[in-house]
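Q: Chains as they are written, first to last, in this note's numbering: chain A, -1 to 113; chain B, 26 to 136.
If you are wondering where the hints come from, they were derived from the structure by calculation, not from laboratory data.
These figures come from a predicted structure and were not determined experimentally.
The beta-carbon is built from N, C-alpha and C at its ideal position, and this holds for glycine as well.
Treat the hints with caution; some may be incorrect.
[To be verified] Mimicking DSS-like on lysine-lysine, the simulated pairs with C-alpha atoms at most 27 Å apart in a straight line are:
| id | chain 1 | residue 1 | chain 2 | residue 2 |
| --- | --- | --- | --- | --- |
| 1 | A | Lys105 | B | Lys34 |
| 2 | A | Lys40 | B | Lys39 |
| 3 | A | Lys105 | B | Lys69 |
| 4 | A | Lys54 | A | Lys105 |
| 5 | A | Lys35 | B | Lys34 |
| 6 | A | Lys69 | B | Lys69 |
| 7 | A | Lys69 | A | Lys54 |
| 8 | B | Lys69 | A | Lys40 |
| 9 | A | Lys69 | A | Lys35 |
| 10 | B | Lys69 | A | Lys35 |
| 11 | B | Lys82 | A | Lys35 |
| 12 | A | Lys66 | A | Lys105 |
| 13 | A | Lys108 | A | Lys35 |
| 14 | A | Lys66 | A | Lys108 |
| 15 | A | Lys105 | A | Lys69 |
| 16 | A | Lys108 | B | Lys34 |
[Claimed, not checked] Here are a few chain B residues that face chain A, going by a calculated C-beta distance under 7 Å:
| id | residue |
| --- | --- |
| 17 | Gly67 |
| 18 | Leu68 |
| 19 | Val122 |
| 20 | Phe127 |
| 21 | Gly128 |
| 22 | Ser129 |
| 23 | Gly130 |
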Amino acid sequence: GESVGLHLPTLSVQEGDNSIINCAYSNSASDYFIWYKQESGKGPQFIIDIRSNMDKRQGQRVTVLLNKTVKHLSLQIAATQPGDSAVYFCAESSRTQGGSEKLVFGKGTKLTVNP
Amino acid sequence: NAGVTQTPKFRILKIGQSMTLQCTQDMNHNYMYWYRQDPGMGLKLIYYSVGAGITDKGEVPNGYNVSRSTTEDFPLRLELAAPSQTSVYFCASSYRVEGYTFGSGTRLTVV
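This is chain A alone, in the form it adopts within the complex:
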């Protein structure tokens, strides 16, 4: 079956440090992956995505790495700030029986940034 999971449920870092959040996926047919950030009381917000034909993609202070060999995804946040404190979800795209695409979400990692 398909599943998306996370290695660490919680992560605590010091302000200014780099953060790395990991995610494992099991569906080798997935070709699209997304990281979402969810602040308390809010809906998930898109951070960065990557297609399976890439192994790295950079955004503003964030980098996503994809290792298809071991089915592993990571999110790197540079110079972590207090505003980065949130729960981070990875999601993979899978096709429904009807042929449309839907996202399968992992459980999430709670990132706490200490001042």
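Mind docking chain B on chain A? Use the hints.
A: Structure of chain B alone, referenced to chain A:
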């Protein structure tokens, strides 16, 4: 654009009551979804729709019903509320999977 709007934001139901969670989007997205998020957990897909008049079950559809009479609206119906349905419900819409936009959620408590 308002994006995806969910109402109400909070609701307390008694066991056996019914209610409809409203979701509307103004982005002309074909795809709409309902997820539930239990404490400390990820999002689980309840129902989804690929266009007006078309709906299909997700991972956890039992106890829920949906309809999609227009592109903009995708209400979620709970007919006989149970404590197991206490959760935060998120509606989302997308053009393709790349363009997922989530609403701010409805926090439902069944007592």
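Q: So which hints don't hold here, by number, going up?
A: Those not satisfied: there are none.
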